[in-house]
Amino acid sequence: GKMSGATGTMAAFGREGIQMQELVMEELDLKPAKISTQVIQRDRHAQVLCTLGIIAGTLEKMAKEIRNLSRPEMGEISEPFGKKQVGSSTMPHKRNPHKSERICSLARVVRANVQTALENIPLEHERDLTNSANERFIFPESFIVTDYMAKQMAAILEGLEFYSENIQRNLELTKGLVMGERVMMALVEKGMSRQEAHEAVREVAQKAFREKKPLREVLKESEAGKQFSEKELDELMDPATYLGMADSIVDSAIG
Numbered sequence: 006g007k008m009s010g011a012t013g014t015m016a017a018f019g020r021e022g023i024q025m026q027e028l029v030m031e032e033l034d035l036k037p038a039k040i041s042t043q044v045i046q047r048d049r050h051a052q053v054l055c056t057l058g059i060i061a062g063t064l065e066k067m068a069k070e071i072r073n074l075s076r077p078e079m080g081e082i083s084e085p086f087g088k089k090q091v092g093s094s095t096m097p098h099k100r101n102p103h104k105s106e107r108i109c110s111l112a113r114v115v116r117a118n119v120q121t122a123l124e125n126i127p128l129e130h131e132r133d134l135t136n137s138a139n140e141r142f143i144f145p146e147s148f149i150v151t152d153y154m155a156k157q158m159a160a161i162l163e164g165l166e167f168y169s170e171n172i173q174r175n176l177e178l179t180k181g182l183v184m185g186e187r188v189m190m191a192l193v194e195k196g197m198s199r200q201e202a203h204e205a206v207r208e209v210a211q212k213a214f215r216e217k218k219p220l221r222e223v224l225k226e227s228e229a230g231k232q233f234s235e236k237e238l239d240e241l242m243d244p245a246t247y248l249g250m251a252d253s254i255v256d257s258a259i260g
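Under this note's numbering, the sequence shown has 109 at position 104, and the numbering climbs by one with no breaks.
Check the hints yourself; a few may be wrong.
[Claimed, not checked] Here are the simulated distance ranges between beta carbons: (1) 34 x 76: 21 to 31 Å; (2) 120 x 212: 43 to 53 Å; (3) 107 x 48: 29 to 39 Å; (4) 110 x 200: 45 to 55 Å; (5) 204 x 113: 44 to 54 Å; (6) 55 x 183: 32 to 42 Å; (7) 203 x 107: 16 to 26 Å; (8) 56 x 30: 18 to 28 Å; (9) 196 x 240: 16 to 26 Å; (10) 127 x 162: 16 to 26 Å; (11) 235 x 110: 50 to 60 Å.
Just so you know, the hints here were simulated from the structure itself, not pulled from any lab data.
The beta-carbon is built from N, C-alpha and C at its ideal position, and this holds for glycine as well.
Kindly generate the complete structure, drawing on both the sequences and the hints.
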């Protein structure tokens, strides 16, 4: 905070100006600004808006992922959808992820306000009024909108639905190609150098893609694949055996 007069020099307060500002700021539980003009420098205000912009961007990233995974051609997850909920006024079959769409829309508002806050930093001389009008709404609007976005996301996550059969179907669309790294690391364990293993899997994967065959089938016929038993090949092609530390990472992230 500041209480340093019209130009920041405390000229009207005499030699007790600094002490008076400190007493007032202490009463208001604020830290006095070391230097100010008629107003506090707007960099700290811009920092607050930037933080809100980052939060909004993170919420939008989550919402966009939910929207994309909700597409009919993917169908892996969906927002909670009420029995009487309408997805479209003209297409009765629609199940739009409207909360996620709303979050993505509002994130643009917060980002636009961040730009305005950054434009407010270079005020002229001891202060002009170019920041005053817009700050009256970019701050309350950004806080209100970000809070609303967070509540919408909380509601989505609480009722998010997962469709494991579609997830499995989508995994199988690549005919095992997603397990390429798993195979490469297994070849390294068998004694190959990493570069040799990478090249071997690359060749097998490219052939499987060109011929539209399962990776397991092409791998089994290759020189590299001869190092694996049938049981090992089955395990290498099972995504459930290559989750790494995903469970621990999730637990750590959500506390």
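inquiry  = Looking only at beta-carbon atoms, does the pair residue 196, residue 240 fall within the given range of 16 to 26 Å?
reply    = Because 18 Å falls inside the window, the suggested range holds.
key: Satisfaction of the hinted span 45 to 55 Å by the C-beta atoms belonging to residue 110 and residue 200   = 47 Å, holds
message = I want to verify a distance hint. Is the separation of the beta carbons of residue 55 and residue 183 within 32 to 42 Å?
response = 37 Å Cβ-Cβ, so the 32 to 42 Å window holds.
key: Pairwise beta carbon distance, residue 56 to residue 30, judged against the given window 18 to 28 Å   = The hinted range 18 to 28 Å holds for residue 56 and residue 30, with Cβ atoms some 23 Å apart.
request  = Using the Cβ atoms, figure out if residue 120 sits within 43 to 53 Å of residue 212.
outcome  = 50 Å, holds
C-beta pair residue 204, residue 113: status relative to the range 44 to 54 Å that was hinted = 45 Å, holds
task = Using the beta carbons of residue 107 and residue 48, state whether their distance is inside 29 to 39 Å or not.
result = 31 Å, holds
key: Range hint compliance [Cβ, residue 203 to residue 107, 16 to 26 Å]   = For residue 203 and residue 107 the Cβ distance comes to about 44 Å; the hint is violated.
query = That 50 to 60 Å hint for residue 235 and residue 110 (C-beta), does it hold up?
reply = Since residue 235 and residue 110 have Cβ atoms about 52 Å apart, the given range 50 to 60 Å holds.
message = Taking the Cβ atom of residue 34 and the Cβ atom of residue 76, is their distance within the range 21 to 31 Å?
response = Because 50 Å falls outside the window, the suggested range is violated.
key: Cβ distance range 16 to 26 Å for residue 127 and residue 162, holds or violated   = Violated - the Cβ-Cβ distance for residue 127 and residue 162, about 40 Å, lies outside 16 to 26 Å.
Hints 1, 7, 10 from the list above are not met by this structure, while the remaining hints are.
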